[in-house]
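Asks: Sequence:
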Amino acid sequence: MISFKHARDLILTKVTTFGTEEVALENALGRILDENVFAPRDFPPFNRSAMDGIALRFADLQSGIKEFNGVETVFAGNLASKAIVSGECYKIMTGAPVPEYADTVIRFEDTSEKNGLIKVLADDFSLYQHIAQQGQDLKKAELAIKKGSAINIATIGLLASMGKSSVKIQKLPLVNIITTGNEVVDLNEQISTTHIYNSNKYVLKALLMQNLIEPKNCEHVKDELGTLKKAIQSNLNADILILSGGVSAGEADFIPTVLADLGAHKLFYKVAIKPGKPVWCGKLGSTMVFALPGNPFSCLVTFKLFVEFYIKACLGFQLENPECLPLNFNRTKKSSLDEFFPVNLKNGTLNKIDINGSGDVRLGFAANALAVQNADQREILKNNPVCYVSL
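Using this note's numbering, read the sequence shown as starting at 10 and increasing by one per residue.
No lab work stands behind these hints: they were computed from the structure.
Glycine included, C-beta positions come from ideal geometry on N, C-alpha and C.
Check each hint, because a few of them may be wrong.
As the list claims (entries may be wrong) - Derived pair list, reagent style DSSO-like, types lysine-lysine, alpha-carbon separation capped at 30 Å: (1) 214 - 123; (2) 210 - 321; (3) 123 - 75.
What the hints assert, rightly or not - Here are the in silico distance ranges between beta carbons for each label pair: (4) 191 - 327: 20 to 30 Å; (5) 327 - 79: 47 to 57 Å; (6) 235 - 165: 43 to 53 Å.
My request is simple: use the sequences and hints to build the entire structure.
Replies: Here's what the structure looks like:
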């Protein structure tokens, strides 16, 4: 059995990429950019008014001129008919190009107008006041967005402003899922007293979809050596294979044996965490394999801690340190394991969830985060900061 940190370090040794694809901009949200994007022109592309007001020459104001002849109004998307001269001003709207030789904008609120003359009432003004100067945000050919950046809503807006209708991004992995267990039935099957519905299938699919991944194949297999072996072999046409169930020490827990028989290279089997200790990770051919416990909560926890961690590392997401918030209750533990426990994150604190152990079917419904009590922490006192992972 190895430590949680050691397990993650081993996973990082197998980080790879899944290739590049080009997608329409509207389909790029949440993905990782796989190209450097350079500004195709200056931003702003012209001196742009940042206010509704009048555009004039700063030198006129400095020389004491307070009244100006209003020439015309410049709207966003239009150009002034001519360059401005001393003693003139242009009414100008927010976003409009500032006329040539105009270098200051005065807000309408700081002016008055009578008989075609516009008077500046303000005494406080400066050069390029209320003007976004050409190229102040980005110069033409300047690196605007670096390769490897996560594409969020702001990134979509910037890419669109630069005329990018499509972008190159990191491909998502192909993922197959195999759930196991003689006691497990699908939602459309008849259930008996001793059977349980296959919640892991739907939770794993949802967790992948949360990461924008549609599983390539998802099937259920009974606990029989030959059947398991055939199912695993037929699902190696993916970058990642996720199995759930059959990894503990029971008489029907065949997964580690089957993987060994197939020649899989084991990275680790059993990690010093609770829940989820009997987790298996390794490679079979070119496919990364994660065998997760069958207990629904343990399956969820190990997916978040190991599978999602691997996917994000491969895609180039920044693996930031976990966030920490105050725990709203006292917690003690007897084990020497890193314990991950469900909490409800609300109003900036991590709140207790009353459950009947990791098998409680209500557990996932009530929790929106996993907090961790480290192996060397026997007790956490109320209001002490605790690190957590969002669900």
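Asks: Now tell me if each hint is right for this structure.
Replies: Going down the list of hints, with the structure as the test:
no. : hint                  : verdict
1   : 214 - 123             : violated (69 Å)
2   : 210 - 321             : holds (21 Å)
3   : 123 - 75              : holds (13 Å)
4   : 191 - 327: 20 to 30 Å : violated (42 Å)
5   : 327 - 79: 47 to 57 Å  : holds (53 Å)
6   : 235 - 165: 43 to 53 Å : holds (50 Å)
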